[in-house]
Amino acid sequence: MHNKSISELARGLQDGEFTSVELTRTYLDRIASHNPALNCFISVCEEGALQEAELADRRIRAGDGGPLVGIPIVHKDIFCTDGAKTSCGSRMLDNFIAPYDAHVVTRLKQAGAVMLGKTNMDEFAMGSSNENSYYGAVHNPWKAGSVPGGSSGGSATAVAARLCAAATGTDTGGSIRQPAAFCGITGLKPTYGRVSRYGMIAFASSLDQGGPMARSAEDAAALLQAMAGFDSRDSTSAEQPVPDYRSTLNDDLKGLRIGVPKEYLGEGLDGAIAESIQLALDEYVRLGAELVEISLPNTQLGIPTYYVVAPAECSSNLSRFDGVRYGYRCSDPKDLEDLYKRSRGEGFGAEVKRRIMIGTYALSAGYYDAYYLKAQKIRHRISDDFRAAFERVDVIMGPTAPSTAFAIGEKADDPVTMYLSDIYTIAVNLAGLPGMSVPVRPVDGMPVGLQLIGNYFQEARLLNVAHQLQQATNWHSAAPAGFE
Amino acid sequence: MSLERSDVEKIAHLARLAVSEEELDAVTSDLSNILHLVAQMEATDTTGVEPMAHPLHMTQRLRADEVSETDQREKFQAIAPLTEDGLYLVPRVIE
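Chains as they are written, first to last, in our numbering: chain A, 1 to 484; chain B, 1001 to 1095.
No wet-lab data here; the hints were simulated from the structure.
It is possible that some hints are incorrect.
What the hints assert, rightly or not - The calculated lysine-lysine pairs, modelled on DSSO-like cross-linking and capped at a C-alpha distance of 27 angstroms, are: (1) A/K109 x A/K334; (2) A/K85 x A/K109; (3) A/K143 x A/K411; (4) A/K85 x B/K1075; (5) A/K4 x A/K109; (6) A/K254 x B/K1010; (7) A/K109 x B/K1075.
Take the sequences, apply the hints, and build the full model.
This is the structure in C-alpha cells:
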C-alpha cells in the first residue's frame, strides 16, 4: 500500500479495496518502526489521524470522490495546526500548541486528507541539512548518517521512506527543492503568492512559500491543487485563478524550449552530477524539446544577496518571540530586558541567533544602504536576468544542488560552507519564480535532483514537464533499501 | 568587514539576544565570516537600479473598515506563560 501513488490509493479507497483507517494504520505502523532511526517526526498524531480517517471513510461511503479524501499526509512543523504542537523545530516553540489552523492545513483538511503528524525541520526554516533542529538531526533514508537536506528534511525523509503518501514543506532559499534532491523525491516551490502564508510561521516574508513534496509530479499536482489559491488573510496572496493542474500533465513537449544556464553547468560542477543532468536533458530532447544555452550572469551574487535579505527579514519576523504572550520564557527574569534577552538567548539555537544578528546589523542605522538596499538592487538585477531568459525559453533547467547528500556533521563547523550549497536554488526565491526538483540518475547510490524553473504562475507547465520525464523514465520510483 | 566583540555586543543588545562571554568570540568570528561573504555584493555596480522589495511588485491590498474578527482572548491567553485579568504579566517596568 505504501508504494501506491495518490491516485492509486484514491481508487483503492473508492473501490472499497481498503479503508482510510486501514491505510492510516499501515502508515502509523511504518512510522513506529522506522522513525526511531530516521527522527523525521516531531509529533505523531495517532488519535487525531484515526479520527480523521474515520471521517474520510464516512465521506467516501456517502459518495465523496475527491482525489485526496482519506489520503494520509504529513505537515512540516512550521504550519500551525489547531490544538496540536507546532514547534518550528525550536525550543522557543517547544511548548506551543497552535490555537488555529494554517490556511494550507485547512485546505488539505477540507479536501479530506488525513494528518499523520508534524515533521522535523531546521529551526525556523533556517538551514540546508536539518541539523539545526532542537529535536536532533534527521537521517537520510538512503544512507544512515547522511543529511536529508533542509530545512524540510523531515518531510522529504517521510515521503522517501514511504511513511506517508505526501507532505507539505516550505521553501525560502531552497528548503523544498534541495531536500527533495537529496532524498530522491519530487518537490515544488510555487510562485511567490500562489500559496497562502497564513499560519505558516514566518522566516523571510518576501521569500517564503509553502508547497507539496511527494513521490511524483502527479502526486504533487494533487496536493498543489488543494493548497493553491487566493486567501484574504495573507496580504501577499495573489488573486490569480488556479488552473486544473491534472488536466495538462499529459500535454506534448514538442517545441518546448529549455534554457540551460552556462553558469550552472560550467566548471566547478561535479562531473558525475553533470552527467546525470545531461542524461535527463537528452531525454527531454528525445521528447521533442529544444535546448537553448542562456546566461544568468548574476548567479554568484545570489548568495550574498540572500544572506542579507533573508536574515534582515527574519530579524524582524522573529522579534515577536519575546517570552510574553506564547512560547519559551526564561525562569526568574530580573527585569523586562532580562526577560527578552534570556528567553530569546535560551529559546533560539545558534544558527537562528546568527541570522537574527546579521539581519539586525544589515538594517541598523549607517548600514541599511550598504547592505539591505544594495541587496534589494541586486535582487532586481537577478530578476531581470530571469525575465530576459524567459523571453527566449519556456523552462530553465540545471542541477538542484552541487553535491549529493553529505554526512551529518561534515559542514556543521562553518556556516558559510553550508550557505554556498544553496547556489542553484536561491535566485529562484529572490525572483519569486516557481521551481521544482525531480530525481534523475543517482550518483554512487545517492539521489540527484534536476531543478526546473518556470515563469511566474507556470506551475502547470512545470508539473507537465516533470510528469513527462517521469512517464519516460523511472528514476523517481526508486525506493531506498529497507523502505520498499 | 570584520567585527569586534564590542560590535557584536551592540548588535546583540539591539536584537535583545543574550550572548554569553564564552559564546562571544565564536559568534564574532562567525558573523565576520558571513559579512565577508556578503561583501561580494560590493563588486557590482548598481547605480540607477531600483531596489526590489517584492517579487511581483504588488502593493498592499486594503479592505473595508469593518469588524471581522471575534474576541478569542481566552483561547489565545490559554497558552501564555503568565496572565491575570486578561493581561500578560512581565517583570515590573514602571517604578
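query = Looking at the structure, which of the earlier hints fail to hold?
reply = Going through the list in order, the structure violates hints 1, 6 and respects the others.
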